[in-house]
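Residue numbers (UniProt numbering), protein chains in the order written: chain A, 1 to 156; chain B, 1 to 793; chain C, 1 to 162.
Just so you know, the hints here were simulated from the structure itself, not pulled from any lab data. Only a predicted model underlies this, so the values are computations on that prediction, with no experimental measurement involved. In this text, a Cβ means the ideal position worked out from N, Cα and C, and glycines have one as well. One should not assume that every hint holds.
What the hints assert, rightly or not - One-sided and incomplete, this derived list gives chain A residues near chain C with beta-carbon spacing under 7 Å:
no. : residue
1   : Gly58
2   : Ala134
3   : Trp146
As the list claims (entries may be wrong) - Here are the simulated DSBU-like pairs of lysine-lysine, each with C-alpha atoms no more than 30 Å apart in a straight line:
no. : chain 1 : residue 1 : chain 2 : residue 2
4   : B       : Lys197    : C       : Lys78
5   : B       : Lys196    : C       : Lys146
6   : B       : Lys196    : B       : Lys243
7   : C       : Lys153    : B       : Lys525
8   : B       : Lys622    : B       : Lys702
9   : C       : Lys78     : B       : Lys131
10  : B       : Lys332    : A       : Lys135
11  : A       : Lys147    : B       : Lys332
12  : C       : Lys91     : B       : Lys384
Claimed, not checked - Beyond 10 Å from chain A on every Cβ pair, some chain C residues (computed):
no. : residue
13  : Thr118
14  : Ile135
15  : Lys146
16  : Asn151
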Amino acid sequence: MAFALVRSALGAIKEKGLKGAFRAAKEEGYFAALLDGNLANSKFRIDGVKLVGVDKAGNRYYEKMSHVQHGRHRWVVYADKVYNASAIPPEWHGWLHHITDHTPEQLEGLRPSRYGVEHMKNRTGEGEQYIYHAKGHALNPNKRDWKRYEEWRPVE
Amino acid sequence: MAPRCRRYSLPLRRSSTGSAPRRLASPVVDSASICGAGSGVAAAEGSGSRGLHSGVAWYAGIRGQLYEGKGRGKDGSKQVSESYKWSSGMSLGGVRHARTASVAAVGAKFTANPEDCIEVSVDGSNVTIAKGMTVLQACEVAGIDIPRFCYHPRLSIAGNCRMCLVEVEKTPKPVASCALPAMPGMKIKTNTPLVKKAREGVMEFLLINHPLDCPICDQGGECDLQDQSMVYGSDRGRFIEAKRGVVDKNLGPLVKTVMTRCIQCTRCVRFASEIAGVQDLGVLGRGGAEEIGTYVEKLMVSELSGNVIDVCPVGALTAKPSAFTARSWELKSTESIDVSDAVGANIRIDSRGPEVMRILPRLNEEVNEEWISDKARFSYDGLKRQRLNEPMIRNSEGQLEPVSWAKALKTVAEAAHKVNPAEMAAIAGKLSDAESMMALKDLMNRLGCERLWVEGNGENADADLRSNYLVNTTIAGLEYTDACLLVGTELRHEAPLLNHRLRKAVRNSRAKVASIGPELDLHFKCEHLGNSSDALLSIAQGKHPFAQVLSKAKFPSIIVGSGVLQRSDKDAVLAAVQSIVQQANMIRDDWNGYNFLLLNAAQAAGLDLGFVPGARAPVGDKSSIKFLYLMGADDLTPEDIPADAFVVYQGHHGDRSAYRANVILPGVAYSEKEGTYENTEGRTQQTSPAVPTVGDARDDWKIVRALSEFAGVTLPYDTVNGVRARMLAVAPNLFRVDELEPATPLPKESLPESKTKLESLPFKKVVDNFYMTDAISRASKTMAQCTAAFSSS
Amino acid sequence: MAARRALAVLPSSLRGLSSVAFHPAELQGVYNFGADSKANVIRAGEIGEVSGVPDEHLHRKVLIYSPARVASQQGVGKTGVWKISFESTQKWENPLMGWTSTGDPYHAVGEAALYFDTKEAAMEFASKYGWEYTIREPKQVIQRTKAYADNFKWRGPAEEEG
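Just need the whole structure built from these sequences, with the hints factored in.
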């Protein structure tokens, strides 16, 4: 493990130069990982850390089964820097919260194909167009008229 | 007494020790006192006077037969004079009400002569019942509800569901109570372990093949099987084989079928053959393969077909138009009156929020029993379409544009003052209530106009003699006729419920019915005597064989259709009818067989209120009309209305006349107002508002009242009670809601002299399409589907 | 008030005949409060006046009726009670969610809660609150004698079934 790490670091230095490799390592959080155990586990994958999977949005899911406080053995590293817990799709949510031990790949057959919709993260705060307006709200582009009768209009 | 919360109170009436309510319900005391005390006095009163009282006496006789359970004996007059006390004696009214209160709880009422009564014991307490009643009926009189599926009080007894099993002392096995006649001294037990076990067995068999789709079933919440399985059903099944499935049948656009749910009670089969008179439904196969269906793919063509939905105890037959729209417990029910025809069937409007979700019949033995026609039941979706919701004025470009109420009323008032009163006319539509007709008549009279009429009555209706325009035999009384002549009426399309009563007479007592008029299968045996007034004339002259049938009959009757009013030789037809009436002696103290069948809900009240052209009004030529007030009237064709006339249309639907209107004043439909209607037999009934009005619409009489203020001839009432007080002055019977005011039969010498000669014209159809007769049913999609599906018949 | 004025117009002989009863002021209940034997007579409408109910709801029009059995079921368990229902049609669709809104606090009261054992109890309750009531009598069911044997009864000479 450690050998592979050194090899990839040398490879990066060779490719980008020392300064460039240093900047890249900083951006990817390798130095922050020195202070953060979980991050370190996910970055360096020492001690039996396993990358279980990556979802569509690029969130990475890790697991470490030994030498870890119980309940902290599964975690996610978000793809976005400004992250939001709602970015986790429901199929990974189950795995991450120990609802199931199966990963989405293993559960693929159970996916509702007919009525299931693609997961979308909560876009609150990202602009007016993402705010939910009730069906009768004035800002709802498809504002619905609840009138339960049809009025007569003379034919023009 | 404080109101009690329903949830926490236990009904006392079903406890086995509750002898007090049962003693109240026991009818023998009441009927003995009535029959005994009443007869002597009434006979003296009733036989002496003719004229005013004889009509009342006849109606009292019918009421007596209905509620007393007395068969019509050989001496009809005695029967009538006994029951004459019924309606006139004040003390009797009190007795009747007391009894209503006590038996309303068990929902059953019976009375009989004391000598025809027997005593049986039900669960240890004695009840007195009429001879010939079944064990189930005895239990009902005792206030005990027996579970049942196949038994229906208005159908014949089938005895095939076996749910009504009870124990009778000294019988080895439980017996089906619906089919077993009660015998004197019988000891019936309904709550023993044996009974419970027997019913549980029946229930288990029924549930073997019944699907578990209560959560998506439209009958859920008001299902007899669901309710009874709560008591007699097991919490687990022992049936591990596959359930059966049955192919759904197509019964047309009204009745939805889910035949897998069917429990083969055969109520629908019996309804179709006994009530509707169509032999379409039947049972196919035996045992597990038994199915209800039409033998070949066929629609059920009957004006009463919707009633199979009510008759079905499970969700096998449900309403197609209201399928999957509401659950029964969400609905608010309002008891009201149907206005789609002149029978005035009692209905229950079920609404959710501002929407009418469905319409169901409501019990009234004297009018509709518990049936309603398909138009009454299913035309409610028309209430949601084509509604007029704001006042409109035709502007200078000829377009209708929405305006305020004040502006619309001002425009109408100005237009009314511009024309000569002789050039004004007002027509009340088919669905107008008495209050708005009263207000409109007062307004037009104050403006000097006397040319008013109600749609269907036409301009030459005769409102002088009330007995000339009512069904004097009464709707319930028609069951007792033994010979009936129909003149110019298609009874099945004009009044399906009346047709059903006549069918009952044919079925039960082999009444002979003949018809002169458009030929139509009435679903019972009816001799068609041609469609010309020649046949009428030959009966009137006594030459026709049917004249002998009528004069030999004990209770002969004649029904004249309102299409006669449109004929130019109306007087001659009525004179011929009157001579038939006299020859067959149809109007007697104990019987009034002369009936004039009205077509629309507004007609009877309009005639009672004198909503007819006054003496000075010009009649006939419509080209002189300059100002025309249409209150929901849509029958005039655009050619009838002069091009320069100012037309005001007040109504709830943008129907035919709205296109011609200069001003539109939005009114309310019958489901949204409290209006008084009189049905074709002279019974006053009131609708109740079930849902809110749409948009800016207003009550019709209020619109007229507001208009009177703009026109400077303010009407002297401004509350609905004020209008009713005015109605009381004009036609007191319209004030007595829920009561039938029988008409005084006309004395023989006052018969109308025929000025015209009977022309040999055919009688015209008055109902082209049963499913679309008024503004509401014309706007209804369901009715349009019915028209398409049933037009071949 | 208007109703009473209207009633005054009627001939007194017709009042008794009418099934419409206009808020009869003479209908009074006698109650005993507390240990003293002095009877307190409650005027019609008095309870309504002290109840704090807004004035516009004190002279409501109500209907006292006994609901009919639903035609689609045979059980009679729900019949025989008396209800007070308020004539309430002030409803509209809430423009935001489409739910039914109402401006009438009583719109569901009659539907949900006001059940009475007798007509008289309902009348008394209504008159205590000063409601103008109309009574609608329930329609009666008639038990006709019928027998299973009627299915095989001879109904006169043979004719085709009508």
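Problem - In rising order, the numbers of the hints this structure does not comply with - result: Violated: hint 1 alone.
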